Amino acid sequence: MNTNRRWLVLGAGTFLAAPVLTLGGCAAEGPVKPAGLKQKIEAARTRADHQEIAAVYEQQAVVDKEAMERHRDLARAYERGWVWAGPSVGGVISARKVNYTLAAHCENLARIYQQAAEENLALAREHRQLAAETKD
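Each residue of the sequence shown is one higher than the last, beginning at 1 in my numbering.
Honestly, the hints are just simulated from the structure, not real lab data.
The structure displayed is predicted, hence computed values, not measured ones.
The C-beta atom is built at its ideal place from N, Cα and C for all residues, glycine as well.
Please note that the accuracy of each hint is not assured.
Derived DSS-like pairs (lysine-lysine); straight-line CA-CA distance at most 30 Å [stated by the list, open to error]:
{"no.": "1", "residue 1": "Lys38", "residue 2": "Lys135"}
{"no.": "2", "residue 1": "Lys65", "residue 2": "Lys40"}
{"no.": "3", "residue 1": "Lys38", "residue 2": "Lys65"}
{"no.": "4", "residue 1": "Lys135", "residue 2": "Lys40"}
Computed beta-carbon distance windows for the label pairs [unchecked claim]:
{"no.": "5", "residue 1": "Ala48", "residue 2": "Gln115", "range": "23 to 31 Å"}
{"no.": "6", "residue 1": "Asp73", "residue 2": "Ala48", "range": "32 to 40 Å"}
{"no.": "7", "residue 1": "Gly36", "residue 2": "Thr101", "range": "35 to 43 Å"}
{"no.": "8", "residue 1": "Ala132", "residue 2": "Ala35", "range": "23 to 31 Å"}
My request is simple: use the sequences and hints to build the entire structure.
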């Protein structure tokens with residue numbers, strides 16, 4: 001292979017791989033893992049106990065919202081960009097179909113994270129209400 005052709009192949013490979021490497025995957029975000037949350041819930045008796053639990057749920061809601069926004073951004077990137085699609089068992093997969101599928105996965109994750117954020121905020125509200133009703 002001559003030098004010019006090698007550079008052309010290398011350049012094309014880099015051009016095609018860049019979006020994949022830049023975008024990364026639509027990996028799940030880990031939950032906030034407060035020490036002993038289960039025990040705190042089981043032992044919650046005071047206003048401060050419920051406020052502490054509410055803060056944990058609010059913190060997780062922030063993490064979930066950030067993950068939702070990140071996955072929505074990834075979905076938009078997949079819709080705009082091209083991901084190389086190689087040969088498959090049934091023939092060649094079109095890049096458009098691959099991008100649509102990847103974007104759909106990211107949109108689904110975004111919806112799940114949005115729902116998780118809403119549920120965590122609902123739990124936080126309940127514990128704030130319990131804190132308000134608790135007579136220390």
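Results of checking the hints against the structure:
{"no.": "1", "hint": "Lys38 <-> Lys135", "in the structure": "holds (22 Å)"}
{"no.": "2", "hint": "Lys65 <-> Lys40", "in the structure": "holds (24 Å)"}
{"no.": "3", "hint": "Lys38 <-> Lys65", "in the structure": "holds (23 Å)"}
{"no.": "4", "hint": "Lys135 <-> Lys40", "in the structure": "holds (18 Å)"}
{"no.": "5", "hint": "Ala48 <-> Gln115: 23 to 31 Å", "in the structure": "holds (29 Å)"}
{"no.": "6", "hint": "Asp73 <-> Ala48: 32 to 40 Å", "in the structure": "holds (38 Å)"}
{"no.": "7", "hint": "Gly36 <-> Thr101: 35 to 43 Å", "in the structure": "holds (41 Å)"}
{"no.": "8", "hint": "Ala132 <-> Ala35: 23 to 31 Å", "in the structure": "holds (25 Å)"}
Taken one by one, the earlier hints all hold for this structure without exception.
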